[in-house]
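Top line first, the protein sequences correspond to chains U and G.
Using this note's numbering, you'd call the opening residue of the first sequence number 1 and step up by one each time.
Using this note's numbering, you'd call the opening residue of the second sequence number 1001 and step up by one each time.
Source of the hints: derived by calculation from the structure; they are not laboratory data.
Note that the structure is predicted; figures quoted are calculated from it, not measured.
Any given hint might turn out to be false.
[What the hints assert, rightly or not] No more than 30 angstroms apart at the CA atoms, straight line, and that leaves these computed lysine-lysine pairs for DSBU-like:
1. U/Lys135 / U/Lys190
2. G/Lys1055 / U/Lys233
3. U/Lys190 / U/Lys320
4. U/Lys402 / U/Lys455
5. U/Lys233 / U/Lys175
6. U/Lys522 / G/Lys1182
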Amino acid sequence: MLATELAQAVPYLDKPFLPALRLLTCGSVDDGKSTLIGRLLYEQSLILDDQLAALKRDSKKHGTDGDNIDFALLVDGLEAEREQGITIDVAYRYFTTPARSFVIADTPGHEQYTRNMATGASGADLAILLIDARKGLLTQTLRHAAIVSLTGIKHVVLAVNKIDLTGFDQAGFDKILVDFKYFAAALGFKTLHAIPISARHGDNVSRKSPNTPWYKGPALLDYLETIDVAEDKSSAPFRFAVQWVNRPHLDFRGFSGTIASGTIRPGDEIVVAGSGRLSRIARIGTFDGDLESAGAGDAVTLTLTDELDISRGDILCDPKNRAEVSGQFAAHLIWMNEERLLPGRSYLLKAGTRTVPATVTEIVHRLDVNTLGEQSAQTLRLNEVGLCHLSVTSPMAFDPYKANRTTGAFILIDRASHATAAAGLIVHGLNRAANVYVQGLSVGKQDRTRIKHHKPVVLWFTGLSGAGKSTIANLVETRLYARGVHTILLDGDNLRHGLNKDLGFIEEDRVENIRRTGEVAKLMTEAGLITLCSFISPFRAERLMVRDMLGAGEFIEIFVDTPLQECIARDPKGLYRRAIAGEIRNFTGIDQSYEPPENPELIIARERQTAEQAAAQIIAYLTEHQIIDRIEELGEDWSI
Amino acid sequence: MLQNLYVNKGLSPHLRRLESEAIFVLREVAAEFSRPVMLYSIGKDSSVMLHLALKAFHPSKPPFPLLHIDTTWKFREMIAFRDAAAKRAGMELLTYVNKEGLARGVSPIASGSSVHTQVMKTEALRQALDLWHFDAAFGGARRDEEKSRAKERIFSHRSAAHAWDPRNQRPELWHLFNTRIKAGESMRVFPLSNWTELDVWDYILAENIPVVPLYFAKPRPVVERGGALIMVDDERLPLKPGERPRMEEIRFRTLGCYPLTGAIRSHATTLPEVIAEMRASKTSEREGRLIDHDESGSMEKKKREGYF
Ligand SMILES: Nc1nc2c(ncn2[C@@H]2O[C@H](COP(=O)(O)OP(=O)(O)O)[C@@H](O)[C@H]2O)c(=O)[nH]1
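So here's chain G without its partners, still in its complex pose:
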């Protein structure tokens, strides 16, 4: 009832504009590429992107599959949510694991976050795109996430080796996207480029979009390391001498591999509470993402190598 009332009142003009812009981008890719795919990373941005895809092509199903690059270190709740979400959407879900990396024993614990991300995420993504010959891949990245993303295009061109060449970017004018690529090249496409973190949450609330429960506060087993709260999601996390998981009421602002994702202490158990907390928040979202602290300017570098 309340949901209806909300929908009837409609989205704010601001969100509506963001929504139709994203829908335009989604349709443009479907019309101009021969094998698009949507990278589905299970987080809130992916949830919004998936919802927008359902809207863009209705009454048809989105004419592309979902692809999840599984590092094998995602929170268990994420994997369960992923399978349910694909089922709800009625879309094909492809998952890809870099088996060779796994065989080499690469893991966030043994190899450190930098190597793990490089092998199990960046390289895995390249392998998956090559394997299925995708020529366009949607990602949920936003320009407000990080300083260096402010200049990223909505359509970001990649060479046949998946390299991003910052010296050779195409200007984007109006909504006239230049989608031309040569054989073997591909495009990364970011329909949520112009959204902010707050827009994403406002939209999730307005559209009643399901998100992984890890975004809401609940007592969970954690250990504290270097100021970050790490959730003990399974027995693979080796405990240091004297370290003992304790229950704390926590939630996550962003989701990734569990040993690399810091939680925040919070009592926000509903969407409005999460949004209220966000508005009052005094730290940036990527604070919780340990990979970004690894080395400075790390985003720029990762992007050049093919990371999203």
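In isolation and in its complexed conformation, chain U is listed as follows:
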């Protein structure tokens, strides 16, 4: 192939080519968003013959513009799908001009769409805010601007549409711009440009319009083709999240990942943020050979000069400019799930390539996105934004989102449904943990274990009320006692008389009840005891939370699986009868659900065995797993 041929086929070969512009379009219903996107696609002759023929047909039938082409019909209506209940958060459209490629993230324009906008905005560099010239600034416009700012978009275009309907009036346009600038002053945009357009007739969309001689700036497309939105990520401090440990054979140990920010060269010093260990870059490997340097956005495989213990989720950074490391931080949460936020509940937090259990410890305030005002709140619901404090089970490395959109962002995942519950943007770290943490105790858990003849574990009995949890737990404790094992039994009812007496039975309180119990069980474990916990604990997420508080193998989940009908029939405390009569609310199995464990260590099927047999099954498990010694019990043998 000849070089000229190649250059013809690939026109950017001989000229610098800006990277694709990823833009977000925001507007209220009927502002003309679909018309604008349709026209942009149409005027770049991206509408192909087969599509155009269909469009002309549809315009006659459904169009709103007489016999003219209705461009809005080109982008199929997100609204309609929403009505069918299909979750449409973002549709992506692509077009290319000789100067640049564009990716448009288009979100439906209805009222409640903070979640969708945030999703589209998270990947965008620029936002077009559509305004109807006749209506001026609406609350919605301000809300859009606030979310755009929150998600870190620095470049905004105000597209003042339907300017034809105001007779191309300059004064109205100027007023919109002045008003908007006033509101946006606090929002931290780097560029803000307003353009009077008519999406329907094409004024100032791809070409400058003779109808607006007073407008001196470029047409919308020209503006988008030339704006440079590249943040100088390559001169920012080096950040690299290890994504995959690359180990083809014993002589090679590389760390594959994408550089989040900064530039590196072989020989540069790096630090592993979590452990504080230092090393140097040995090689920057790629399929096409080693590189002399690599920068933000490059997917590479690094090797280091030292053998350090590094795995997926670790962050490598510039030792002179390190990421913050903390177990607690403040962040904005954009709530995305139908199920509201429960403070204290355990969620999974994914930041970069790391996933850790996390809880929201405090809601500082909820943000009113219409006014930017702050309100107090107990929870966050779908589409709400709030400033929260979060705590993760082990310290993690991060930057404020303002400084780094990659290392400052995270998502929360619901542990039971696996839904993406929230988007998080870190504001700053909270160093409380560092002060309270690790007291440098000289006698440790292991030392205490050594003077006992068993390993400290938590036996967590879960199941419906009346399933037989406490009966079995009591039997097990009696047998352990007989063997000289040091135990304690924590029972839902007992703890509710003291430590947890301020808690009721609504979801939040149930979560908190389990969290406190977990903390107590953890202390008991540290003390070297076998702790038996008998709690209905209906939610998977909380049981997982306790599991995460403890060390590997220390949490033994015992599912006392007695069918609901059987429990109702037994009804030892008469509670089911009252719950069914409606006298007790939030009763598990009646008007609150029970989520059975997915992988419990033990299942006690009560239909097929007595409480004594169940206890024997648990003792057998403990000996098999060498938690207690295999000695003869004093007394009768129940184990058949």
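Following the hints, position chain G with the ligand against chain U.
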């Protein structure tokens, strides 16, 4: 020499960004799933995806096998290319045929495109994923292919019955993909989501990626049916009375089962010519895919049933 010059100059910033995004997705799946697989359909998108996989894990081999769902009606040249490509990549190639469908005599000719695709592709894919217990499958689909794909996620969650539930999709923020699934559920993953057809060809040219020769014009035996040019790839295509294959210089924009894939008349025999033709083109790529014309809204429906 020229290739080197090109590589040294590097990919355009646009293609480089697409490339590293795809590599990120590939690595993320390798790290977070226990049994991933790459669906390899032999077309240009699959060729690019395979090339990206080799890049993502180098110097290791990609930690997953390739899987081809063979409908038994692919062009012969495709099958030859498939085996060579897997060999070049040094990757394990699994192929799966829905034997039960075959035994029932399902074919594009006897059953029509809709039933054939459903049984030999969609059902076959489900059977294969279940057979080998794959929990994540890469596909080469792009959002620009078709209107309804514009909203597809990069990580698309499927129930244990392989159903796609459009009412229950997960938002994708930044590059933080929620990969959590329950036992039996799986994920379809599309690393090329943000690529356009033109990006794919530009990348093939820039990276010198081998593609099936059927993409280049050559005289081939065809018959014309309902405005579509169908290549007579073997004797299984029954000729209608009076129908006689004639040689025409044609090529394909997309490849599928040969009786269901329309060719275009073309003289483009090299990559730059193909790209130049594409830029001038006035019809969409799926025009050549007969399955999409079958019924309107057909993509949405197929996806719900488990088609890619
Ligand atoms: N006169 C005039 N009408 C417009 C303009 N832009 C959009 N429209 C009309 O406004 C209506 C709503 O437009 P549409 O694009 O569907 O709004 P969307 O809900 O924001 O996508 C349609 O009837 C359009 O034809 C414009 O610049 N001038």
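Hints and how they fare:
1. With a CA separation close to 26 angstroms, the supplied pair U/Lys135 and U/Lys190 stays within the 30 angstroms bound.
2. Between G/Lys1055 and U/Lys233 the CA atoms are separated by roughly 24 angstroms; this keeps the pair inside 30 angstroms, and the hint holds.
3. Note on U/Lys190 and U/Lys320: the hinted pairing holds, with a Cα-Cα distance of about 28 angstroms set against a maximum of 30 angstroms.
4. About 47 angstroms separates the Cα atoms of U/Lys402 and U/Lys455, which puts this hinted pair outside 30 angstroms; it is violated.
5. A threshold of 30 angstroms between alpha carbons decides the hint, and for U/Lys233 with U/Lys175 the separation of about 36 angstroms lies outside it, so the pair is violated.
6. With a C-alpha separation of about 28 angstroms, the suggested pair U/Lys522 and G/Lys1182 falls inside the 30 angstroms cut-off, and the hint holds.
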